[in-house]
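Q: With the sequences and hints as input, model every part of the structure.
Per the UniProt record's numbering: the sequence shown = residues 1 to 567.
There's no promise every hint is true.
[Stated by the list, open to error] Listed next, the in silico DSS-like pairs over lysine-lysine satisfying Cα-Cα at most 30 Å (straight line): (1) LYS460 - LYS349; (2) LYS375 - LYS388; (3) LYS460 - LYS344; (4) LYS350 - LYS379; (5) LYS204 - LYS485; (6) LYS490 - LYS538; (7) LYS425 - LYS522; (8) LYS350 - LYS460; (9) LYS511 - LYS538; (10) LYS322 - LYS350; (11) LYS344 - LYS379; (12) LYS431 - LYS490; (13) LYS375 - LYS460.
Don't read these hints as lab results, they were simulated from the structure.
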Amino acid sequence: MDAGSGAGPRPGRDRLDVPSSGARAPVTPWARFSAWLECVCVVTFDLELGQALEKNSICYLSFPDSHSGCLGDTQFSFRIRQCGGQRSPRTTDDRLYNSEAPLSLQKESAHYFGYVYFRQVKDSSVKRGYFQKSLVLVSRLPFVRLFQVLLSLIAPEYFDKLAPCLEAVCNEIDQWPAPVPGQTLNLPVVGVILQVHVPSRVDKPESSPLKQCGQENLLPTPLVLTSVHELDLFRSLQPVLTHVQTLWELMLLGEPLVVLAPSPTVSSEMVLALTSCLQPLQFCCDYRPYFTIHDSEFKEFTTRTQAPPNVVLGVTNPFFIKTLQHWPHILRVGEPKMSGGLPKQVKLKKPSRLKTLDTKPGLYTAYAAHLRRDKALLKRLLRGLQKKRPAGLLTALLRRHLLELTQSFFIPLEHYMASLMPLQKSLSPWKTPPQIRPFRQDDFLCSLEQAGPQLTCTLKGDWLGLYRRFFKSPHFDGWYRQRRKEMAHKLEALHLEAICEANIETWMEGKSEVEVVDLVQKLREKLVRAQGHQLPVKEETLQQAQLYIETVIGSLPKDLQAVLCPP
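A: In C-alpha cells, the structure reads:
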C-alpha cells in the first residue's frame, strides 16, 4: 500500500494497516477484524505534486478523477485484482463461509473490493484551497451496502477526530462475530448497532429473513439493514430501464461493456446493478465498478491486438471513449434526472455514431436483443412513479422481474442437467458409480419445445438463438462446471450412503485381504472428502462409515491391522 516517492495520491501517515487474513487461531490479534476487512486505508491527495509519479492503483481508485468535479462527500466502490494475479490461500473459516454463502457473495481469493468515502471541501489553510482525503475499507466480501453504511458512520467522525477515532473503530470491529451465512448479527460501532442478516444458500430469493433478534435488550435500538449487498436497483438503472432486457442479455452472455458515467458513484452503482441482474447466478466475468487510466491493467484492457476481454468496466474519464472505441458495447449515462414520469432514457445508437468528444448519453451497440421488450413492466414502473410509490417497492418490482427472467432461462437448463444424473437404483455399493452423462447442446435445444422458458415466462423472442450464444459464453462454462461438480459430489455421497446401507459382513465373505484393504482405503478417502464439507452427507452416514472401517480392519490379521492403524 505504500506510495512511491514523489507520488500524488498517497496513503497518509495516519494510515492504520491491519494484518490481512491468514490461518489464525481465534485468539490471534485482529482475527475477528480480518473476517470482515483486510485493512483500512487513509489516502491523502497532494495537489502540488499531482499524480504523475504514483504507481499504486489503489490510491488512484480512491479518488474521483479530474473530470468528475465531486465537491463535498462522495461514496463509491472499486474492485481490484490482487497484485500479480496471485491468489491468497483460503483459511478454514473462508472455506466454511464459501461453502454456505450464495455463489454471488463468496469471498474472492484473487480480488479485493474497495469501499471509498471521499471528502473534498474548500480549505484556506491548504495552498490550492481544497482539503481532499479518502477513507477506504478493503475487503474480500462483496457487502457493498453494509460497508457503505459503515463508512457513512465512521468517515465523518474520522475527518473530525482523525487517527484515535479510527483505531477505536478497528478495535470495535475486532469484537464483531464472524460473518456466518444464515445468521442475523448485531454489529456495534461508534455508538450505533448495525443489525444485518448474512445471506446463505438456503435463503429463498427475494425473502427477507432478517429477524428482530433481541432488540428489546439492545440500547440504542439497532439500525436494521434489509440487505448487506443490494443497492437501490431502480435508482441505479433508471436511465436505462427501456433497455434493461438488452442489458440483461449482454450480462448473461458475458459481453465486454464500458459504462462511461459522470462520477465514480454513478459508475460503480451502474456496474454493480448490471452485474447483479443475474443473481442468484454467480457473475463469472471480470467487472470493475470504477477504473482509471492509471490502473496497472489499463494496457491489458485497451489493447487492440486481441478481442476485448469479458469485462464490465466503469469509467468517468472521456479519454476511454477513444481508447475503447473498438469495444462492442459502450453505455454513456449522464446525471440522473427525474421529470415527473420515468427518468430520461438513453437511446439505442449505432457504434458508428460514437464521437470521441462530447459523446451524448446512449447505449452504443450493434447488438440486436433476442427477446422483446416487456412493455408491461415499464407501464407498472411508470404507474408506480406517478402514484409516488416508495422507491423500495419499485426496486422490488424490478428485481423480481429480473429474477424471474433469469429463473425462466435457467430452469430448462437445470431440468436437462438433472436428467444426466444416473438413477439412484443403478448405484451398487461395491462397484464404481456410473458416470454423469455429457451435456449435449442439440439434445437440450430439442427439449425446449416441451419444457422451454415459455412455460414460466410470457416474453416472446428468439430463445433458441439466445441459448446458442449462451453456450459460447463464460457464464455457461461457469454454470456447467459448478453444477457438474455439485452433481459429482452428490453422486459420491449417494454411493457412500449405499455402502453404509449394505451388509458389510456379507460382502467380506470370500474376499481376499487385498480387496478388504482396498475397501478400507476407499472408505477413508470418502470420509476425508465428506468431513472436509465437500460431500453432502448426514452425520449418521459418516458414523456408519467409520464403524464399517473399524469392522473391516478388525477382520484382518494383526500385522495388517498394525499397518492400517499405526500406534
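Q: If any of the earlier hints don't hold here, list their numbers in rising order.
A: none
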